[in-house]
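Trainee: The residues making up each chain are set out below.
Number of protein chains: 2
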Amino acid sequence: MKLASLKGPGRDGTLVVVDRALERAVRAGDAAPTLQSALERWDEAEPRLRALGEAVEGGRAAGTFDFAAALAAGRVAAPLPRAYEWLDGSAYLSPVERVRQARNDKVPESFYRDPLMYQGGAGAMMGPRDPIRALTEDWGIDLEGEVGAIVGDVAMGAAPEEAARAVRLVTLVNDVSFRRLIPAELAKGFGFVNGKGANALAPVAATPDELGRDWRDGRLHLALHCAVNGKRLGDPNAGVDATFSLPQLIAHAAKTRDLAAGTMIGTGTISNQDPATGYACLMEARLVEQVEQGAAKTPFLAFGDRVTLDMKDAGGQSVFGAIDHVVERYA
Amino acid sequence: MKLASLKGPGRDGTLVVVDRALERAVRAGDAAPTLQSALERWDEAEPRLRALGEAVEGGRAAGTFDFAAALAAGRVAAPLPRAYEWLDGSAYLSPVERVRQARNDKVPESFYRDPLMYQGGAGAMMGPRDPIRALTEDWGIDLEGEVGAIVGDVAMGAAPEEAARAVRLVTLVNDVSFRRLIPAELAKGFGFVNGKGANALAPVAATPDELGRDWRDGRLHLALHCAVNGKRLGDPNAGVDATFSLPQLIAHAAKTRDLAAGTMIGTGTISNQDPATGYACLMEARLVEQVEQGAAKTPFLAFGDRVTLDMKDAGGQSVFGAIDHVVERYA
Numbered sequence: 040m041k042l043a044s045l046k047g048p049g050r051d052g053t054l055v056v057v058d059r060a061l062e063r064a065v066r067a068g069d070a071a072p073t074l075q076s077a078l079e080r081w082d083e084a085e086p087r088l089r090a091l092g093e094a095v096e097g098g099r100a101a102g103t104f105d106f107a108a109a110l111a112a113g114r115v116a117a118p119l120p121r122a123y124e125w126l127d128g129s130a131y132l133s134p135v136e137r138v139r140q141a142r143n144d145k146v147p148e149s150f151y152r153d154p155l156m157y158q159g160g161a162g163a164m165m166g167p168r169d170p171i172r173a174l175t176e177d178w179g180i181d182l183e184g185e186v187g188a189i190v191g192d193v194a195m196g197a198a199p200e201e202a203a204r205a206v207r208l209v210t211l212v213n214d215v216s217f218r219r220l221i222p223a224e225l226a227k228g229f230g231f232v233n234g235k236g237a238n239a240l241a242p243v244a245a246t247p248d249e250l251g252r253d254w255r256d257g258r259l260h261l262a263l264h265c266a267v268n269g270k271r272l273g274d275p276n277a278g279v280d281a282t283f284s285l286p287q288l289i290a291h292a293a294k295t296r297d298l299a300a301g302t303m304i305g306t307g308t309i310s311n312q313d314p315a316t317g318y319a320c321l322m323e324a325r326l327v328e329q330v331e332q333g334a335a336k337t338p339f340l341a342f343g344d345r346v347t348l349d350m351k352d353a354g355g356q357s358v359f360g361a362i363d364h365v366v367e368r369y370a
Numbered sequence: 040m041k042l043a044s045l046k047g048p049g050r051d052g053t054l055v056v057v058d059r060a061l062e063r064a065v066r067a068g069d070a071a072p073t074l075q076s077a078l079e080r081w082d083e084a085e086p087r088l089r090a091l092g093e094a095v096e097g098g099r100a101a102g103t104f105d106f107a108a109a110l111a112a113g114r115v116a117a118p119l120p121r122a123y124e125w126l127d128g129s130a131y132l133s134p135v136e137r138v139r140q141a142r143n144d145k146v147p148e149s150f151y152r153d154p155l156m157y158q159g160g161a162g163a164m165m166g167p168r169d170p171i172r173a174l175t176e177d178w179g180i181d182l183e184g185e186v187g188a189i190v191g192d193v194a195m196g197a198a199p200e201e202a203a204r205a206v207r208l209v210t211l212v213n214d215v216s217f218r219r220l221i222p223a224e225l226a227k228g229f230g231f232v233n234g235k236g237a238n239a240l241a242p243v244a245a246t247p248d249e250l251g252r253d254w255r256d257g258r259l260h261l262a263l264h265c266a267v268n269g270k271r272l273g274d275p276n277a278g279v280d281a282t283f284s285l286p287q288l289i290a291h292a293a294k295t296r297d298l299a300a301g302t303m304i305g306t307g308t309i310s311n312q313d314p315a316t317g318y319a320c321l322m323e324a325r326l327v328e329q330v331e332q333g334a335a336k337t338p339f340l341a342f343g344d345r346v347t348l349d350m351k352d353a354g355g356q357s358v359f360g361a362i363d364h365v366v367e368r369y370a
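For the protein sequence lines, the chains are A and B, in the order given.
Residue numbers for the first sequence follow our numbering, so the first one is 40 and each next one is one higher.
Residue numbers for the second sequence follow our numbering, so the first one is 40 and each next one is one higher.
Some hints could be false.
You can't tell identical chains apart in this list, so a pair holds if it fits in one copy or across any two.
Unchecked claim - DSS-like, lysine-lysine: derived pairs with alpha carbons at most 27 Å apart:
#, residue 1, residue 2
1, LYS294, LYS46
2, LYS227, LYS294
3, LYS227, LYS145
Hint data in this document are derived by calculation from the structure and do not stem from the laboratory.
Okay, chain A solo, but in the shape it has when bound (with noise of 0.2 Å):
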């Protein structure tokens, strides 16, 4: 089932179950009229939801509409169009080993035991077309290719098998930042507050269970394309060299606390060891670039640059829509 939201009236948008092809899409209605009270009340809505998917694409369904055009026209919210938490991991060791293998230095082994994890903003989400914002170039604006989980309740100390039970959907995440701001607010001890904008989510977010095979091991086996003004930046592969699952990620979170329906964790930027893979983020390519040839030459992202972040199934579908958008100034 892939599930997406049109913007409007509210601020959590409006639910929308939409066919694999990404083409047609009917709005959820009385079956949950936003994605996070689908979320709250899952085992209920589900059926519904997913009766609704089926009558989608089997062109049966009244009242459907070219969900295509709607993308294209900038009304597609992001699916989970604002989350109570986000709490972003970092499943991907490679270009930290990278760094510190050029530096004759070794990655501590408690990296690979104990996930790094920062909380986010998910307040405002961009939709899949909304421009990334920033007062000024010089906040040194990156993308971030990542996959994200939106899970239902999650109880205090869960175990990695039981957060993989409580997700509910995946989708593809940009968690844009602000490079230039990020040292000295890392200095100071805290985290990031300054250092990133809000993410952009894809199109559409799908069940577990949509990704068939692709999905296992709590990890997304597909590749991200990865595209800055059209130009190739990388296409790593989201279930290789992945330390972390999601649900490690989420069992990490749910440490301490409860997660409620309508958290979404993220991987971090996904990386491959390969590096004929490329990457997911300009700051990996200015860092080997550094390593390798003295200097980062790969420059941030300016006013007017467009990113575009999409991951195809086996048959070349693009399985959540594309992420495609533009840097604007804020004004």
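Position chain B relative to chain A; hints supplied.
Mentor: Just chain B, lined up with the frame of chain A:
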């Protein structure tokens, strides 16, 4: 105007308007079913809520109920039962100054210009009588008495003056911390996740005008009475030694992002330079014992311990009602 929320039927609770004495209340009903909904359309909701408040105050409102009894029965939720963003500053530098002085060191000048701030979880805040829950006492359970501001929409880059106008409500926060988990977590460099528990809020939140002259310069000039098991821990004044005002902290949070209506910003643990005022958290008591007596003696909270936080005006009236709750083993 004083606002509160009853628990249920949904996770956002039911908004009620409370009299100044915290005795009688009335459901806001059509004016706004929940506080979050009121914050999202404040210009429309505020006059209707104020009219209800005046009717309750004058004994003219229909359908009032005994708020004090509802509170005692555990039916009162946090005024805002869940917030999309919770950003907690560090307005009070006294503990840092004290520790540095003891080792003949100075507080870096930047600490007085650039506030420390972390983003925490607020997807399920505790009501004022709900238990603090932890899986084990070994986490080093601590209270942190703070003042919190709940804001309307704030634009990216807003100046403190603009942020001041966005303050809709003020309340008390117990920002529960798990002290023994914090050093290892902060050493990872990404801030707090496991080191912080859910927040508890006071029974009511008040509009700034309700606070009269006690709210000035973006600070609340009243003492926070903190007790553990009925024994005074301290009563530092939130208006004294606050290096940053709440509007300055809000502006810091908004530097690179819009803040959505319902965002909550905290002062950080209240602390005064005058040692006679005592403490609003156990950690500071332990720190001072460590410096002055060579070892920390005050224990962290144990299961069964009771924490009370309250703030009274010049007339002895509790402004927000007390946060008064016990520590329990999570089950």
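Trainee: Which of the numbered hints above does this structure break?
Mentor: none
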